[in-house]
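If you're matching them up, the sequences are chains A and B in order. So for the first sequence, our numbering puts the first residue at 1; every next one is plus one. So for the second sequence, our numbering puts the first residue at 939; every next one is plus one.
Keep in mind that the hints were calculated from the coordinates and are not lab data. Quick reminder that beta carbons are idealized off the backbone N, C-alpha and C, glycines included. Treat the hints with care, since some could be wrong.
Listed next, the in silico DSS-like pairs over lysine-lysine satisfying Cα-Cα at most 30 Å (straight line) [said to hold, decoys possible]: (1) LYS30/A to LYS1028/B; (2) LYS870/A to LYS1061/B; (3) LYS119/A to LYS143/A.
Footprint (simulated), chain B over chain A, 3 or more residues, beta carbon under 8 Å [unchecked claim]: (4) 40–50; (5) 803–815; (6) 843–854; (7) 860–874.
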Amino acid sequence: MNRRNFMKFLGFITGSTFLSSCGIDKGLRKIISYAIPPEKEIIPGEPLFFNTTCTECPALCGIQVKAYEKIFDTERGIYPVKLEGIPDHPINYGTLCIRGQASITRLYNPHRIKDPLIKERDGVFRSISWDQAFQTIISEIEKHKAEKRYNFFISSRTTGSLSLLIDEFCHEFNIKRLPEFEIYNYSAIRKANSFLFGKYSIPHYNIKDADFLLTMGADIFETFISPVSHAVQFSIARKNNNLKWFHVEPHLSLTGICSDKRFTINPGTEIYLLIYILTSIQKRKISSNIPASVGQLIPSLPLDILKEKTGLKEEEILLIRDAYLNSKRPLIITGGVSTRSGSGFEVAVLSGLINWASGSIGSLVDFSREENYLRVGTIEEFVNFLKTIDENNTGLLFLLKTDPVSIFPQHLGVKEKLIRARFKVSLSDSFNETTKICDLILPLSHSLESWGDANPRRGLVNLIQPATKTIFNTKSHGDIIIEIMKRKGKVVSEDFKSFVMSNYQKRYGKDSLNMFIEKGFHEENPSPVRVSFNEENAQLFLRKLKYPEAMKTPLLILSPSLRFFDGRSFDLELLKEIPDPLSTISYGSWISLSEETAKKLNISERDELEITKDQWSIRVPAKIQKGIGKDIFIVQIGGPINYSGMTDPRSGEILSYIEGINIRKTGKNVSIPILSGSMSQEGRGIIPYPIHRTENNKKHKESLYPEHKHENYRWAMTIDLDLCIGCSACVAACYIENNVPIVGINEHLKGREMSWIRVEPFYDEKDGIRFLLMLCQQCDYAPCEPVCPVYATYHNPEGINAQVYNRCVGTRYCSNNCPYKVRRFNWYPHEWEFPRDRMLNPEVSVRQAGVMEKCTFCIQRIRRAHDIAKDEGRSIRDGEVMPACAQTCPTRAITFGNILDKNSSVYKLSKSDRSYRIFEQLGTEPSIYYLGKRRGDE
Amino acid sequence: MRRSLVLATISCYASIFSIIFLSIGYYNYYHDGPPIQPIAFSHRIHVAKVGLPCNFCHVYADKSKNAGIPHIQKCMDCHRAVAVEKPEIKKLTSYWEQRKPIEWIKIYKLPDHVYFSHKRHIKKGVECSQCHGEVQVMDRVRRVRTLKMGWCVRCHRVNDAPTDCLTCHK
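Looking at chain B on its own, in the form it has when it is part of the complex (with noise of 0.2 Å):
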């Protein structure tokens, strides 16, 4: 009797904490902050400071699926002269002059299945900040949208794009 009482126990709060615990990770998970990305490269001022438009440095939006990222060559064409003495921008430069890539951390992330072209959608007439948020606002880029189906099939049936499958379905 008093075996089975602690057994019982036992479960309760085992399945108590899980609940606890995914539900914590559920939430991180789709309302995660901003990762720490290895240069703290800040939207806001390009963007709202600058005055930069998207495509500036994301110059194949409307060229193909992905919109890129620039090539540090880019950011060093301003910043040869600009704001040379910041952290961060020497962070940058030591990359530049070691010829050594940066690896940003994706923040929007599809499962492989899925097909989507940001040139689709740019051609036709979709903001940047429908899916992306205000980046203009934002030091460090979150992630402010689910990418889940659901999310993506509402806009369509809105906007009578096409809802076959095999539109985005690979």
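If we strip away everything but chain A, and leave its shape as in the complex, we get (with noise of 0.2 Å):
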């Protein structure tokens, strides 16, 4: 080396040096004052509550949002950070399901259209401004009535003022609005009350004050009518009347494993034990409504055919004949794939006969509560719709949130349909295959940006409102309404805000308005509603009745998904990342069938299947699954997978079924995400069955170490087994409350999930099929404690296992030494990017690559509680501190408190003969004690 070189050497380390050390950051972060004060007024660092209306799907549950000030680069801003029930909330009690907790990605999902959109010549979609297409609007409304053409207006469910305002709308630009498209329309209900009882309505179903509930092919806590609903009132039926409860299904659902006893019926052969329930009705002679007239019409089964027709043995018959029979409050919900069968309409008549015989129309079965349905339309109606658009005589048509092309298979051409339209317009938050045909896309804002209000059921209105400015260049259907009236000169009220308060204030006065602002919700007691049994048709029915033929094996059964809905809620990454309750499978689409089924066609697990009828295909793995019948394959709507689109003429419902499938191995192996580790208990008695501790569970190991003092507080959990419905809420208000990031399909793969809380199903020959809520057991001695090299994890003084991340060295070893699998390594950093860092819960940290991470009880909860106790000068009330999990379960299985508060309910479950703990005998003492199940034949 020269001098020279020597020289430039020098330089290049000085400089470097120099420049590297002037890089340290000094603190620059900023604070940002107001100019004005906001009205409402802001404590930093202390959450705001806003009351508002889930409007994930058609139930409308009562949501209180909670939202933080937060400040970003320039930018002050509030922001939601967690959706949960507002507690005295007449449908949802303070709960809410999975896809409302994840309802909350949707408002910070980076992939929502940002700008209103218009179609070039060339087919690419450009951004232009909201004026832009408020003119184009105009121009295209103009031309089209220049040259007579039809304009139609079509939207899912909508309901209360946003109804009202698309009524004057259309009428207004003499457009013509169709039935309101839902896949889940419940005609066959409908339809089957409108022909017995006169009321073209779904009934609000008490199931919290039945005392016997027989449920038909109806998924209840998945996506029948009002999930959280249900769920919440099983919960109570359970509690204060015991409720006994079957559940008869052709496939198998989260429903039917909750229920006591499940019962797996040949498909479509509900008729038959439906008859038979009724006659039996009949014949008791006591109490029955139904007159004679109509009683003698009834067919009488012998109960070979009924044990041949249905594939029911004669004592589950007699069982469930026996049970309906013995209780005072019987009730019978029909639905789901029962109602969407080619009999689906005779199933739903004769279960409204059944409630009538037993009387419980009218009180369980209440109409003058019934859900708002009013314009929701059938399949049948839209098919016969689309029929009708042709080129020259179709101009306008609006898409209100709505994807007809995506659920409805692409032989059928709806898409070819609805493009003759000659300008589609869609009113859509993110893209979908109807987006993309149409010529305007116009943004919807989130319902957690916009003004509005709901309408769920009868003598219920529900608020909408905001609880953030809108993250992108979007706008609320109300005010996307209100402002083309507006340029067309007619102004039916300011914005949609004022439309609706003053909707609210012609209604119930301007006195209670605040209230209503304040509470969310405004209740009324409505009238009572009285039907009659309209005779004739009854008789008629029975006169016409056919049996129906049994179905063509093997059979395809598409079963509604308690994550994606209708297949609505698939663009949430956060449900795809949440596993199916049933399989434990996250990511991807896939076929259940029975294990016999897949030996006889000589299928193993992650096949890939060609499932084809007619014109129809799907391309699904195989997965092979404990509790369904011979022949019959089952796959979840959602993403891919839709249903085949034919409907029953007179149901007018979508058909759930379809007959003589063929199957075909593609060749291909697909690697499906199953979660669980074993499906089995493997005779470890995790849940032991029947209420008993076992002799296993009894004995103590000595511990080697001291005991943990206690002084005030040891925070414990119980979890009624008997209660928990396997829904995931749990799941998804964790990943919510606690930053838990979304790992994906790659990673879940190598079995790296990241959930804190999960729900273990269990198949057992001798126990059937249980859901086991698996998460950190707090244990008061913890493997994981001692094998930390420094102390990351540790023993707190109130109870808490826990873990301190900055200290954490991500050596796994306190993963590796827990018994219950329940810590989480983070392998890579998780990226937040805008808008998802909006929705970071800024009272827990986010944490890095190489740390490892898992269930506090929700310690930031816990904090807020003994801060507030302090101010009070008082220690923390029982059921005063939630944690997030136990304050979103829908059957409040979950209790959660301070065990050395002898008064505290956590402390009388924890004595319950039910009470036991998992894999007590390794002496882990855990905090988390289970309450075992019960079932219905005990």
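Work from the hints to combine the two standalone chains into their complex.
Here is the structure:
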């Protein structure tokens, strides 16, 4: 090296060290003052609450939005971080389902439509301003008016002021408003009720007052009408009237597993069983409300035929019959796959007859609180509309929050038919198959960014109010319609907010308006609705009753999805990350079949199958699943899997069954992320059954470590397995509350999921199918603690097995030593890119790569309770602290509290004779007590 | 031989340099001079001269985790009439007229994994100056404490405050 090079090197090194030392962060973070203080006082660091409505599914639960004021760069704003139920809301009573919990991620979805888009000549979308968008619509309306074309407006279910506004809009511009398009429109039930009782509506089912419930096909905890309401009521009925509940279904559903007894019936043969029950009630002679003129027409079925057709055993049939006859307030609910078959209408009518016969109509089946499905049409009506679209006479087509193109299979040509309309305007929040064919896309705000109201059922109005300003350049549907009308010179109202408010005032007066905004809903006692029994129709029905033919096997059942509803929630990443509770499969679709069927067809798990029927086909990997009948295949709706588009003309419903399918192995093997390590308890007595504590569980091992002292508090939890329905709402709540990252399918395939709480299904010959909620057991003698070389995990004075994230060096010893497998390791840094960073809970730190994380019993909530209690100079009250999982649980299966307090409910429950702890024989002394399951036959 | 000698010299030189600069950086980081704020607000004038108590402006100190900084409207309550001709107040007035928020530079910054509540400390009777120093003599506020864990824990031990990790680590 010569002198010159030496000097060059020296210069370079000096310069680079100098520059690098300048880069130290000097804490240049900003605090931004307000110019003017906001109207509603914001205390920095304290959460704000808004009461509004969940719009993820048509159930319309009341939600309380927790929001924080956050500063990002130069922007100071309020951002929602968590959704919880409004405590006294008459639908959900403070709880929320998995989809409701996850719906906050729809607000922060980076793939939302951010600007109004118009389709150019070359078929590419270009963003335009709202002003241009409105101008375009106005000029299109003018054009088609001049050329005398018909305009149409189609939407998903709308209620309240929005529905009224659409009426005015359609009237003003001479647009024909079509019946609302919903796949789950319950038209079989509505038609049956109209036929029997003269009410074309869905009644409110008072499950909480029943003492025996028989559900047939109705997935009351997954998608059926109002799942959270059903779960809440189920829990109340269990506690108050010791509800007994049987479920009859042709496939396997979450609801079925949760029932006391599940019966597998041959598909489409529900009618036989229903007639048998009806005959039995009639034979009893006492207390049947069905007049003799109708009663005598009920055919009597020999038990042999019944056995042969339904595939049920004699004792099973008698068990159902006796349970029904021996109960005081029985209720039968049919729906779901049972009414989406060729005999759906008959099933619905027969269950109506049974409810009438046992006197449940009016009390348990309440028409005065009927669900608001007034404007919802049937699939049949939509299909008929499609036929009328014509290039020459169809001008504008408005599509509000609806995606018919991806719901119907390609070969039916829905897309081609819709394209025929001259100008298609889509109002949507995300891109889907329908927005692709539209000419103009107007981006919709999330309901957390807009004003509105909802009218879920008779006598109940919910408020929708914004909890944040719009994140993207979007507008609410109400504001868009008002703006279009304004431009045409018709001023309905200044904006949608004032429209909603004036509607409320017109109806309920000015006095309660502030209360409405504060509370988030208004309930009035609806005037009673008396229904009369239409004897003639009942006679006609029974005379003409035809028994269905057996369905052709192999049979495919398209089942509604707990996670994706009818497919609408499929774009929420979080719902894909949380596994399906029955199979523990997270990402992707799969087809379930029994072991027997698999053997017969020589199919093994993960084999890709091609299922075809005429022009309809899907490709999915196989999953062998226990609890399914022979030659029956089940797929869940969502993403690429959709209904076949076939409808039943009498019930107007879409069909859930595809008979005589062709199955072909493609020869490919598809990896499916199955998160469960084992589907069997392997005889370890994880869920002891019947109620007992095994000898094994009583044995204690001496601990070498000194006893922990807990002075005032020791936090503990009880989980009642009798009430846990595996709905996974707790899992979603935990993800949102604790900033748990979403890692994606590739990590899941390696078994690296991040959820702190999980639902484990166990399938055992002897015990049947049972769910277990698994989360950190907060052991007193935690095996994870002594192995940590850096004291990152330790036992806290309040009994929490703490994890100090910035102390953790990632040896993962703790995880290896944990018998419950509840610790999660961050293998990579997780990106929280805009706008997802707005969603982060500021009270919980975001963990970096190389750090172990786990359930903390929601320490941030305990800390907050301590803070409030200290301010008031008292100790924390029982029930004051609610971890996110316990808070959202629709059945209140989870109880949390201080076990040192002898009056606390958690202490009392832990002393119950059903109480046990998992792997007690290990001597870990967990703080989580499980209450063993009771079964209906006990 | 000569080549390795040269390399050794270079590495020696580099390491000496890095040590010097890193220590300067470290010193700067912890004993930083006060940053220049968008408006040269003087705590000395407002506290020592005018006699305003801390919670006159930092209203949430005993109500929340965060003490809060005043909104401009609050500043303008006085400065519509007081010292209006001074250049810094003119700056303030122009912010006010444009309804533009002021981007103050944060001096006391805690890492994200720390839970700290002003309210709990104030309610226990901890003086503001114990952590923030004598702001009444500072024209430009600077940080006087390291805000390192050891410093927190020392005080917690002396005052018998909880030292459980989860008290502060979130």
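Legend entry - List of violated hint numbers, smallest to largest: Result: no hint breaks.
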